[in-house]
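Please put together the full structure from these sequences, using the hints given.
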Amino acid sequence: MSRGRFVLGGLVVAVPLALALLGPLFAGPPGPRSVSFALGEGHWLGTDFVGRDVWRQVLLGGRTVVVTALAATALGYLVAVPVGLLAALTHARWLEELLMRPLDVLLAVPSLLLILLVAAAADPGPVGLALLVALVNVPDAARIVRAAAGEAASRPAVEALRMQGESWWRVAVSYVTRSALRTLAADAGIRLTGVLYLVSTAAFLGVGAAPDAADWAVMVDRNRTGLFVQPWAVVVPAVLIVGLTTGVNLLFDAALEKKGRARS
Amino acid sequence: MSEDSVAEIRDLRVEVGGRALVDGVSLRVPPGKVVALVGASGSGKTTTGLALLGEYPAGARVSGEVRRAPGAVGYVPQHPGAVLHPALRVGVLLRDIARAHGRDRDDLRQALADARLPEGEALLRRYPHQLSGGQQQRIVLAQALLPRPRVVVADEPTTGQDPETKRQIAERFAAVAARGIAVVLLSHDLDVVRALADEVLVMRAGRVVESGPAERLWRAPRHEWTRRLLDAEGVPPADGVGRGVGGVLPVGGGGVGRGVGGVLPVGGGGVGCGVGGVLPVDGGGVGCGAEGVPPVEGGGMGCGVDGIPPADGDGIGRPVLEVRDLTAVHGRTPVLRVPRLVLRAGECLAVVGRSGSGKTTLGRCLAGLHRHHDGTVLLDGVPLPRSLRHRDRERLAAVQYVFQDARAAFDEHRPVLDQVARTAVRLRGADAHAARAEALDTLARLGLTGDLPHRRPGALSGGELQRAALARALLARPRVLVCDEITSGLDTVTRRALLDLLAGLPADRPGLSLVLITHDPQTARLAQRTVVVEAGHVTERAPGPLTVCCEVGHKGSRVKSLEGSEAVVRRLGRHRRTRRCP
Chain D
73 MSRGRFVLGG LVVAVPLALA LLGPLFAGPP GPRSVSFALG EGHWLGTDFV
123 GRDVWRQVLL GGRTVVVTAL AATALGYLVA VPVGLLAALT HARWLEELLM
173 RPLDVLLAVP SLLLILLVAA AADPGPVGLA LLVALVNVPD AARIVRAAAG
223 EAASRPAVEA LRMQGESWWR VAVSYVTRSA LRTLAADAGI RLTGVLYLVS
273 TAAFLGVGAA PDAADWAVMV DRNRTGLFVQ PWAVVVPAVL IVGLTTGVNL
323 LFDAALEKKG RARS
Chain U
3 MSEDSVAEIR DLRVEVGGRA LVDGVSLRVP PGKVVALVGA SGSGKTTTGL
53 ALLGEYPAGA RVSGEVRRAP GAVGYVPQHP GAVLHPALRV GVLLRDIARA
103 HGRDRDDLRQ ALADARLPEG EALLRRYPHQ LSGGQQQRIV LAQALLPRPR
153 VVVADEPTTG QDPETKRQIA ERFAAVAARG IAVVLLSHDL DVVRALADEV
203 LVMRAGRVVE SGPAERLWRA PRHEWTRRLL DAEGVPPADG VGRGVGGVLP
253 VGGGGVGRGV GGVLPVGGGG VGCGVGGVLP VDGGGVGCGA EGVPPVEGGG
303 MGCGVDGIPP ADGDGIGRPV LEVRDLTAVH GRTPVLRVPR LVLRAGECLA
353 VVGRSGSGKT TLGRCLAGLH RHHDGTVLLD GVPLPRSLRH RDRERLAAVQ
403 YVFQDARAAF DEHRPVLDQV ARTAVRLRGA DAHAARAEAL DTLARLGLTG
453 DLPHRRPGAL SGGELQRAAL ARALLARPRV LVCDEITSGL DTVTRRALLD
503 LLAGLPADRP GLSLVLITHD PQTARLAQRT VVVEAGHVTE RAPGPLTVCC
553 EVGHKGSRVK SLEGSEAVVR RLGRHRRTRR CP
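Note that the protein sequences, when read in sequence, are chains D and U. Numbering-wise, our numbering puts 145 at position 73 of the first sequence, and it's gapless, one number per residue. Numbering-wise, our numbering puts 26 at position 24 of the second sequence, and it's gapless, one number per residue.
No lab work stands behind these hints, which were simulated from the structure alone. Predicted, not measured: the structure shown is a model, and the values here were computed from it. Ideal placement from N, C-alpha and C gives every residue a C-beta, glycine not left out. Some clues are possibly wrong.
[As the list claims (entries may be wrong)] Only part of the chain D face toward chain U is listed, based on derived beta-carbon distances under 7 Å:
id : residue
1  : 173
2  : 227
3  : 228
4  : 231
5  : 236
6  : 237
7  : 238
8  : 327
Written as C-alpha cells, this is what we have:
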C-alpha cells in the first residue's frame, strides 16, 4: 500500500518536475509563428494566443514556477524553523514575544495584497517574487514550528536531556526538531502547494513574469480566451501544476506513513 | 448466553502479526459483580477488556466467541484525559453523548451522581485541563454510564494514585456494581482488586493461569505465578532482604566512637515478614532520635533501616543538600513551603504525601527543574543555581533526577544505550567508547542485559525503561538521586524488583543520598527518614517504618474499606503497641 503510494506519488511528481527542470534543454529554437489557437498543423499541442507552439512553451515555462516555488518554500522554512525553535525552547517570555508578535502582524496582511503592493512599487522579478512569497509564508510556518516544537519541548525527555548536560543545540536539533519532523513534513506538503498557488497566481496577475513569458501560470491565464477552440494550451500547463502539488503531497504522505509504521 | 451473565467470552484468541496477544481466554461476567483481570503489563488484560467492547488491535486475527447482552458497554480507559476533548468544556461532550443516546437532563444528572460527582454541574463548565486526574476519571465514568450500560470495563483505574484517591475510586466502582452494572476491572493494583473483586482471573502472557472467587484465590492461590504476584505485593522475598542487609552492615566500620548503638532483632511483626536479623543502629543519628531503636519491619531493606550511619572517612553523615526558606510557586500561587530541610550523605529520605501536595515540586526544586522559587538550595554549603541551565557540570552531576514516566523521559528515536551513555560523556567528560562500556556495565548490573540496551525505548517495558532511567542518572555518579514516583504504574513483580535495586544502591555507592518521592508505603519503607508534604507544607516525622505507621494509623479510619490497607493498619497496629506513635 505504502509502496504503491510512493510509486504513484513519484510518477505524478516526476513528469512536471522533469519537464520543468529539463524542458528548456529540449525546447530547441523557436519555429515560425502560425495562426492563434490552431490545432494540428505540425504543432501537436496546437498553438497559443499569439500563434506560438504550445509544446515548446510547456517545455520552457515550468522552470520559473517550480524553481520559484521550491526556493520560496525552502527560504521560508530557513527563517521559520530557527525562529519557531527559539520561541519554543526559551524560558524568557520577552524573547518569545519579541520573535512571534511581529510575525503575527505580518500574518494579518493578506499575502496576495502584499505581493501586489510591492509589485506596484517596483517589478520584483523572479528572485524578488521568491523572496516575497517566502516572507509571507514565514509567520504561518514559524507558528507551526513553535507549536510542534513546543509540544516536544515540554516533554520530560527534554528535561532529562538537560539533566544530562546536553547542549542547547543538541536538545533543539536532535530531539525537538526530530520529534516535530512529522508535523513539519505534513506542513511542508501543504505549504508547497500553497506557494505554488501563490507563485502561479502572481504570475497569472503579471507579477514576476512578463505577460507573454513562457510560464505555466501565465499560459493558463493568457490562453483562457481560446479555451473552447484550443483547450490544450490551458489544460496541459494546468494539469502539470496540479500534478506537481498532488504528487508532492502523496510523496509526503507515503513517507510519513512508512515512518509511522517503522516506529510502531 | 446463559441467563445469569451480561457478557461472556469463550476461547478468545487474538493474534497480531503471528504473535498471540491473548490465547484461549474464557470469562463470564454476571450482572452486578466485579470481575477482575490481574497480571503484569503486557499480559493481555487490555486486549481482553477491549474485546468485550468489540474492539481489536489493527490487523488482528480473532477467533473464539464474544457475546454480550444487548445495550452498550461502558469503557473507562487508563488515561481518562485522552478521551476528553482538550478544547471543549467537559459538559459539551457529555450532553452530546446524552443526546446521541436519547437521554435527557435527568439521566445526565443521574449519571453524574452515579459517578460520584455531586458537584457535577459546576465541573461541566470546565475544560479537561482544569480538572484533576480523579475528576477527569469521574467525568469519563459518567460518560460511560450515560447510555445505561450493563457492563463497564475499567482499565487500570488506580494507576499512579495515592491511597486515599484509590479508596475513593474503589468506592465509586463499588457503587456502580451495587446498581446492578457489572464491572470488569483490568488492573495490576492488587489493593483495589482485593477491595472490589468478586471473581479474579490471573493472566500471564495472554493466558489465564488461574481464576476463581476472590476469597479462594487470596487464601489459597493454586498457580505458582499467582503466588509470586501476591508475594511480591506483600513483603520482600528473603533474597532481596539478604542483599539489602548485606549492603548495610559494613557501613560505619570506621566510624567515630559511638557507631553501633544497639543490637536489634528485627522482623517480629509483619504479615509473613519472616526475616530476622541483627542490625547495628546508630544511637545518636538524626533519623532515629535519641529515644532508642525503632522497631524495624520488612527486614533491612537496604538503606532503609540502618539509621544514619556515623560519619566515617567518606564523609557519610555530613549534610550534602540543605534547603532554606524555600517557597515554590506555580504562576503566582505558592504551592510549597519548606523552612529547612537537610539531607545527609548516605541517607535515604522519603517524601510522602497525596498527589498534588507539592512533593514532586520539592524534588524538582532540588534538581533545578522548577526554578520558580525563592529560597536557597545549598550543596555542601554553597548555593546551587535555581535553574539547571545555570548549573555547571559538577553540580549538574551532583543532583540527578529520575522521572516518574520513564517512557516519556527517553528520546524514542535513539537506542537506550546511546542515551544512557551520554550522561558520562557530557557530565564526566568520558570518551564515547568508555562511556558506552560503563553504560553497558551499569545497565547489566540493573538487570538489562543481552540486546535490551541496544533497542529503542519503544521495545522496552515500563519496568525496563525505569531501570535504564536509573542507570542514566547513576552514570553521572551523583551524590543525591531524586526518584520521583518511579515505582508507580508498575505491576507488583516489577515494582518489587525495582525496590530491591534501590535497596541495593547504597551498598554499591557509598555516600549516595536518595530522595524517594512516593505515595507508596512500601517504597517509603526503604527510607530511614520521612517527610510528609501536605498541601504544600512539609513536616518531618521520625524513622521511616514508624512514619508510615503514624500516617496510616492517622488515616486508618478512612482507609478501612480497602482490605489491603487494612492489613497494613493491622500490621502497623502491632508496631504501635510495640512503641507508641507520637
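The hints, checked one at a time:
1. This hint is violated: residue 173(D) has a C-beta 22 Å from the nearest C-beta of chain U, more than the 7 Å allowed.
2. Taken as an interface hint, residue 227(D) checks out: its beta carbon lies about 6 Å from the nearest beta carbon of chain U, inside 7 Å.
3. Nearest Cβ of chain U to the Cβ of residue 228(D): about 4 Å, under the 7 Å cut. The hint holds.
4. With a cut of 7 Å, the hint placing residue 231(D) at the interface with chain U holds, because the nearest CB-to-CB distance is about 6 Å.
5. Of the supplied interface hints, the one on residue 236(D) holds, with its beta-carbon coming within about 5 Å of a beta-carbon of chain U, less than 7 Å.
6. Annotation: residue 237(D) was flagged as interfacial toward chain U, and the flag holds, the nearest CB pair being 4 Å apart, inside 7 Å.
7. At a threshold of 7 Å, the smallest CB-CB gap from residue 238(D) to chain U is about 6 Å, leaving the interface hint in force.
8. Annotation: residue 327(D) was flagged as interfacial toward chain U, and the flag is violated, the nearest CB pair being 16 Å apart, outside 7 Å.
When each numbered hint is compared with the structure, violations occur for hints 1 and 8.
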